[in-house]
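Asker: Please arrange chain B on chain A, whose structure you already have, making use of the hints.
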Amino acid sequence: MIMNLKYDLIKIKESKRWGCISSLGGSAMIKYGANMDIGAKVAVSSAIGGTAEALGGGKFANGAVTGAYVMMFNHLMHDWHPTRTGAAKLAKGKTSATGNETSVLVYEDDSGNDYYWVSPHDPRNGKLISYWVEPPPAETSDLTLVEEFHYSVKDGPRTANGDPTLIMGSWEDWRRAFTENIRVTHHTIGLGSWYFEPTKGFTQPRTIFYYEYRGFDKKNPVMPPWKR
Amino acid sequence: MTFFLFALFCNTNYAQIKVTKSLVDSLITKLYYFEGSNDPPFFLTLLNFASLESEENTLYLSGTSIMTRYNIHEDMMIYVKGKEVLLMILRNVTPDSSFRSRLIQYDDLRFGKTLDSIKFGISAPPGLAVMRTPLTVYRIRRKLFRKNIFVITSKKYIPYLSAPKEFIPLKKFAFGGEWDEIQGWYYNSYGDLNERYYEDIKPRKKIILKMPK
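Protein chains in written order, with the working numbering: chain A, 1 to 228; chain B, 229 to 441.
If we strip away everything but chain A, and leave its shape as in the complex, we get (with noise of 0.2 Å):
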């Protein structure tokens, strides 16, 4: 639904003035409408934007895709996107600005459809961790978590010797996969990633690494909690 609500919309530039008033009504309605699933809130939004684009003297229904439009990309793109490539590049540009980890979860309807949720920051998020704040239960209650993957930063905390640290998928990723029944990707920024299955046993992740980088995996397996 979102998609293609996203490529209908796509095409129209007119009324952006009028748009951005209708995106103000849009944050307002996050506030009220927080129990709203995505259509409601993309229909609400669009009202407002119709009504807007009538006060000006435009066509209603621009106006209101327009509102939608914007109030699509202003808020609810913050956290769902319906491309990976979108959801990856807001996760990836968060981490790089912030230094912590963010997650992108990935949903799945009934028809195949994939859905990308951006996690919000959750106050514990730090460095080596982020917590997945997932969206409302209203809003994915026809959707099935399929995926997860979430981006950090390469340099982790020197050692009191002076070694550098480097970021790295961990035996906690698999452990959230397998818990999940899901794949779960850590992306490190610059250095690689690490894909787990949610096999039945811990198994090493499949890796890909950036070319100045080969040979890290083997040198840094991921650790299970039993070889400490």
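Think of the hints as simulated: they come from the structure by calculation, not from any bench.
Please note that a few of the clues may not be correct.
[Stated by the list, open to error] Only pairs whose alpha carbons sit at most 27 Å apart, straight line, appear in this in silico BS3-like list of lysine-lysine:
| # | chain 1 | residue 1 | chain 2 | residue 2 |
| --- | --- | --- | --- | --- |
| 1 | A | Lys227 | B | Lys393 |
| 2 | A | Lys218 | B | Lys393 |
| 3 | A | Lys154 | B | Lys400 |
| 4 | A | Lys227 | B | Lys249 |
Answerer: Using the frame of chain A, we list chain B on its own:
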């Protein structure tokens, strides 16, 4: 007079450096970065004190970080400095009695209990990999004619395993390992060593350590 100077020279420059508690504490404070809170500690610092048979008046100090108890061996001892727990290896080095009495030997019951008390190797491992390269080896010598002033210079080895074996705190690791060839990130696209290599291999500035008389 000449004899006096000769005796003084021999006494200060050729005498083996005694590893005392105060010297060890000063070296740790001066050369390493303990910032306190690391609860539970992800890493334990392993310090390797060595002196070469051909150069007994010089002390070499190097260190690395370990993440797992499987990397702890019989030749390691625990030293507690304030709140910090460190592992130590002494190679051809004689500690004085003040320092020796504070070392907890591997077969001592307190060894395991100390590690338990800081929860080392108990909690789930974090997603962190230690980059042990470059290995910094500090060379500690007495200043000429001075018994209580030490000059500390350093040399860095890339990769970690290219250092002389006496200076490598731990050669084989229970899990994972270290590179024995220069890592890929030290090369540019033409296959030549890059700026990062030359930056990382630069030794630290000379340090003068003045001990109380």
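Asker: Does each hint fit the structure? Answer for all of them.
Answerer: How the hints compare with the structure:
1. Lys227/A / Lys393/B: Between Lys227/A and Lys393/B the Cα gap is close to 26 Å, so the pair holds against 27 Å.
2. Lys218/A / Lys393/B: holds (23 Å)
3. Lys154/A / Lys400/B: holds (25 Å)
4. Lys227/A / Lys249/B: violated (33 Å)
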